[in-house]
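Throw the hints in and build the complete structure from the sequences for me.
As a plain string of letters, each chain reads:
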Amino acid sequence: MTLLHSCKKAAELLSQSLDEPLDMVDKLRLRVHLSMCGNCRNVEEQLNLIHQMGAQIGTLDFGDDQDVPSIP
Amino acid sequence: MNSQTMPIDQPAPGHHPDTSGESWVRLRQRLLRHARMMVFEPALAEDLVQESLVAVLEKPDAHRGEASIMTWAVAILKHKIADWYRSPHQRRRAWTEADENEDVSDPTEGLYDEQGSYKEAVPSWQQPEKRETQRQMMSVMEVCLKRLPSQTGRVFMMREWLGFETTEICEQLSLSAENCRMVLHRARMGLRQCMCAQGHTTGSIQ
Chain A
1 MTLLHSCKKA AELLSQSLDE PLDMVDKLRL RVHLSMCGNC RNVEEQLNLI HQMGAQIGTL
61 DFGDDQDVPS IP
Chain B
1 MNSQTMPIDQ PAPGHHPDTS GESWVRLRQR LLRHARMMVF EPALAEDLVQ ESLVAVLEKP
61 DAHRGEASIM TWAVAILKHK IADWYRSPHQ RRRAWTEADE NEDVSDPTEG LYDEQGSYKE
121 AVPSWQQPEK RETQRQMMSV MEVCLKRLPS QTGRVFMMRE WLGFETTEIC EQLSLSAENC
181 RMVLHRARMG LRQCMCAQGH TTGSIQ
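Here the protein sequences line up with chains A and B, keeping their order. Each residue of the first sequence is one higher than the one before, starting from 1 at the first, in our numbering. Each residue of the second sequence is one higher than the one before, starting from 1 at the first, in our numbering.
Keep in mind the hints are simulated off the structure, nothing from the lab. Note that the Cβ used here is the ideal one computed from N, Cα and C, for glycine as well. Heads up, a few of these hints could be off.
To be verified - FRET-style restraints, in silico, Cβ to Cβ:
no., chain 1, residue 1, chain 2, residue 2, range
1, A, M24, B, V143, 37 to 43 Å
2, B, A43, A, T2, 22 to 28 Å
3, A, R31, B, G110, 26 to 32 Å
4, B, R36, A, A55, 17 to 23 Å
Unchecked claim - Computed cross-link-like contacts, DMTMM-like style, restricted to lysine to aspartate or glutamate with a CA-CA straight-line distance of at most 20 Å:
no., chain 1, residue 1, chain 2, residue 2
5, A, K9, A, D23
6, B, K146, B, E46
7, B, K130, B, E142
8, A, K8, B, E178
9, A, K27, A, E44
10, B, K119, A, E12
11, B, K146, B, D106
12, A, K9, B, D113
13, B, K130, A, E45
14, A, K9, B, E114
15, A, K8, B, E142
16, A, K8, B, E114
17, A, K8, A, D23
Below you can see the structure in the form of structure tokens.
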């Protein structure tokens with residue numbers, strides 16, 4: 001197994017992991033890379049948040065009008 | 001839920017909601033905004049919203065368990081849009097000629113050096129805890145979604161908003177798995193870059 005040095009490739013794997021399970025080798029390479037790379041950990045956090053927010057579009061974006069029913 | 005905490009938009013059980021009210025106009029507008037992002041034909045977006053509103057009106061009490069009429073209406077709209085994407089005779093219309101000619105440049109261009117490392121430090125986002133921060137962030141995300149090439153935005157919405165599996169998206173839009181993966185990756189990277197830039201100016205993202 002070769003080490004994953006490229007953040008570019010790491011970002012691709014991070015995105016892919018939100019849609020399908022990665023194979024063992026990619027999973028491991030990504031984990032090792034993340035353990036050494038703060039930038040990629042931040043990207044991981046951002047992509048996860050975007051993933052979570054994507055499902056909530058339309059239910060949180062009340063913005064200007066405050067009198068719309070709120071979510072408990 | 002007692003009457004004191006009942007939101008304005010929520011009709012009392014057994015009563016028909018007032019469809020002429022401002023809140024309904026706003027609800028309709030909001031649904032339209034989402035529908036237009038998903039289907040490119042304005043008339044079709046209108047139809048889907050209309051059908052969703054009719055479904056809300058027909059059973060004003062049926063949203064028990066949902067937080068608000070708004071959340072419920074959005075859920076109905078999602079179903080209608082998902083059904084539309086899944087209906088076989090509509091399939092070819094999901095991808096238009098305008099899409100083919102669209103600028104789909106790689107949003108990550110210039111982001112990495114030759115080794116594939118980030119040229120600039122990636123900022124850390126804090127998990128938005130306060131509702132107000134969540135709202136701000138959501139509106140930034142919506143602005144950024146509109147800036148994506150429209151087919152890229154639509155694939156993102158099919159995956160994240162409608163919750164389609166990637167295999168289904170590939171099939172519906174006749175894309176290869178590789179292509180599908182790339183479009184989703186570009187959508188996400190485009191969004192995070194746009195949100196970083198927006199957050200920097202509005203201060204809503206740290």
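A quick look at each hint next to the structure:
Between M24(A) and V143(B) the beta carbons are some 39 Å apart, a value that agrees with the proposed interval 37 to 43 Å. Checked against the given bound of 22 to 28 Å, the beta carbons of A43(B) and T2(A), roughly 53 Å apart, lie outside it. Distance hint check for R31(A) and G110(B): the Cβ-Cβ separation is about 28 Å, which falls inside the suggested range of 26 to 32 Å. Taking 17 to 23 Å as the suggested C-beta distance range, the pair R36(B) and A55(A) conforms, at roughly 19 Å.
For the given pair, K9(A) sits about 15 Å from D23(A) by alpha-carbon distance, which is consistent with the 20 Å threshold. With a CA separation close to 19 Å, the supplied pair K146(B) and E46(B) stays within the 20 Å bound. Between K130(B) and E142(B), the direct Cα distance comes to roughly 18 Å. Compliance with the 20 Å bound is thereby established for this hinted pair. Using a Cα cut-off of 20 Å, the hinted pair K8(A) and E178(B) holds, with the two alpha carbons roughly 16 Å apart.
A hinted pair counts as satisfied when its Cα atoms are at most 20 Å apart, and K27(A) with E44(A) qualifies at roughly 13 Å. Between K119(B) and E12(A), the direct Cα distance comes to roughly 17 Å. Compliance with the 20 Å bound is thereby established for this hinted pair. Note on K146(B) and D106(B): the hinted pairing holds, with a Cα-Cα distance of about 16 Å set against a maximum of 20 Å. About 12 Å separates the Cα atoms of K9(A) and D113(B), which keeps this hinted pair within 20 Å; it holds.
For the hint linking K130(B) to E45(A), the alpha-carbon distance of about 18 Å falls within 20 Å, and the restraint holds. Proposed proximity of K9(A) and E114(B) is supported: the alpha carbons are some 12 Å apart, at most 20 Å. In summary, the hint linking K8(A) to E142(B) is not supported, as the alpha carbons are separated by about 25 Å, beyond the 20 Å threshold. Taking the CA atoms of K8(A) and E114(B), the gap is near 10 Å; set against the 20 Å cutoff, the hint holds.
Using a Cα cut-off of 20 Å, the hinted pair K8(A) and D23(A) holds, with the two alpha carbons roughly 18 Å apart.
Checked against the numbered hints listed earlier, the structure breaks hints 2, 15; every other hint is satisfied.
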